[in-house]
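With the numbering used here, you'll find the sequence shown wraps up at 388, consecutive numbering, no jumps.
Since the hints were made in silico from the structure, they are not lab data. Please read all numbers here as calculations on a predicted model, not as lab measurements. Just so it is clear, CB atoms sit at the ideal spot from N, CA and C, and this is done for glycine as well. Any given hint could turn out to be false.
[As the list claims (entries may be wrong)] FRET-style restraints, in silico, Cβ to Cβ:
1. 230 - 282: 21 to 29 Å
2. 228 - 180: 31 to 39 Å
3. 303 - 182: 40 to 48 Å
4. 219 - 319: 25 to 33 Å
5. 267 - 226: 37 to 45 Å
6. 316 - 138: 20 to 28 Å
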Amino acid sequence: MNDYLFSERIVDRHRRWWREKEPHPHKNLAGKLIGPPFVEASGFKTPVIYSVVDTADEIPDFSSLPNSFVIKPSRGWSAKNIYVMVDGINQLDKQAYSRENIVQLMKEKTVVETDKNLKILIEEYLINWDEDTSIPPYDYKFFVFGKSLAFCHIIERNSNSDASMNRHWYVDENFESINMKVITTQIPETEMCDKPDCWDELVNTAIGLGERLGIFMRVDLYATNRGAVFGEFTPQPQGGKGFTPAADRWLGSLWRGKEGADGLDYHLD
């Protein structure tokens, strides 16, 4: 019987991978430049990348880009320092930004000028499956243990500064509520969101990538007007923090072996 909590498994993985430098072929896939080639090689879709630059001053002139695009650092989480630009407006805070504004903010709020491993990506703006461009596409975060899908966390992002404005749903592969609060600070909506017309493709993409990975991974996807498109890999969701006791126990019970979906006999120290 598996008596370890999910949070304990995630903390253990972080210790092994990053403090003790344990090698693993998939440990760096969370990088926004490293994950997409793996996904493309697996036969799934990724956003079009317009440009990758080393410094904020190298961000292209907006006149050379489409009317809608996304600017983000190659490392980060929780939509921080991301600009989802549509006709000069950032959809994450509804404010207008010029190129000069974003250049200055990237210099002030990221370490891109001093960390040579950090890049800035300018990529395709993904249009939501229902063609609604008034808000960014919903996030579909699939918790997969190898080819076994636990659930999907759906997020409607309305702000990157006030998390209370975002809306959350937790569903199974049949798009039915799992009737569980997973994160202590995120209250699930009582009324279900619309089911995307590419839901089956989202599920198949998440399971397909999970099977190829052969470990626990959170696979973050978007439901777009061209189907399921990859967002990023998250090997240590929430850093293992903030899970409700019920969710922590449940997800912990799904973990197999050392990395979540293997037959290795492994016990936490």
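Query raised in the report: Of the hints stated earlier, which fail here?
Result: 2, 4, 6
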